[in-house]
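Top line first, the protein sequences correspond to chains A and B.
First residue of the first sequence? That's 110 in my numbering, and the numbers climb one at a time after it.
First residue of the second sequence? That's 3 in my numbering, and the numbers climb one at a time after it.
Zero decoy hints are in this set.
Straight-line C-alpha distance at most 27 Å; calculated BS3-like pairs for lysine-lysine: (1) A:Lys342 with B:Lys20; (2) A:Lys342 with B:Lys16; (3) A:Lys129 with A:Lys161; (4) A:Lys342 with B:Lys21; (5) A:Lys305 with B:Lys20; (6) A:Lys210 with A:Lys253; (7) B:Lys88 with B:Lys9; (8) A:Lys342 with B:Lys88; (9) B:Lys20 with A:Lys253; (10) B:Lys20 with A:Lys303; (11) B:Lys21 with A:Lys303.
Rather than coming from a laboratory, the hints here were simulated on the basis of the structure.
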Amino acid sequence: MKTLYLEFHKLIVSLTVPDKLVEDIQEEFSSVLGSSRPLVIHHAYTVHLEGKGLSLFKDKTHLKIFSNVFELIFAFEEEIENVLVKNIGAWVAFHAGCVAKGDSAYMVAGNPDTGKTTTTFQMLEMGFDFLCEEVTPVDPETGKVYPFPQVLTLSRPYTEESFSLFPVREGVLSYYGPEISRYVPGRIRKKAAKLKTIIFPSYNPAFEPRVEELSPGDILTDLLHYCFPPNVKEEVLYDNVIRISENCRLLRIQTCGIKSTRELLVEITSANS
Amino acid sequence: MISSDKKYYIRSEKVTEKKVGTDIALYVEDHRSIHVLNPTARFIWECLKDPMSFDEILFMMSEVFDVETATLRNDLEETLVLFEEKNLVETRGGR
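With the hints as constraints, model all of the structure from the sequences given.
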């Protein structure tokens, strides 16, 4: 058995796994692996081999059995997301991806299947640094986004189409069966960056590609839907989200495909720099 | 249809007004909900600092918006119904 330490801002966990799983787990969480035992560990997870399955325990309580290491990894990622959201206090946790360039962070938010992860993926391949996937924690006092660098899960047909147009250069893309691909970004930002822009992607093959500037009032209700349940009163969350949105450029990008997404991203990010 | 006589509307004391950029949002603590006002609703909300009847608000709107009275009446009816549904306003009988 080997114990690995996963270090996020406001959350440190240990994960003890059988030797034969170490390589897969290390590869998956390479960007957050600590080199030595931290002083504080919020939760201790252990994986035991059980017949042909893998049993996951949290602080000695049994959570679930998985049939293979990838099922375990996907579920563990989700577990970490949920624990992180509970550990971040008054920070706002958006269901969003986030990248950075220079001292500016760009958050990509939206409902499921609107293109959050694909837009994040495209920005990473355009040379942006990786900050967050799935959960984007923002400190409303400073407006800074703290890294939560999970591996990106995308549809395989999408990444294959993207690859046919733009070879993957900035990370490692792997395929898991006919439907799923996983992307490990190459440029991972370890430090927080100031949130300057929030992008709301919207995809429809019939769209005329365009960028629409939004006001905080236009987007407040939607943005609140993209927040994980808060650890503070709703009103405090509302005030925090208002404050965050007032300090950002808010852009809806309507795209009809991968090329138009890239063109619009170039347009909005070059205008910001 | 809202009666045009003797019913007065006023902002609920349980509503907190919040500035959102150049817009206004209303937070209702009991419902833990928040509502961003469109320009018409915002104008009506501004009118309701003091108790006002439907006709009084309609008159104020006609002074400001260059829109047919029938349209204003519809907008006002819809907005007041929504305000009542969301507990943003209270209603009172005659003065």
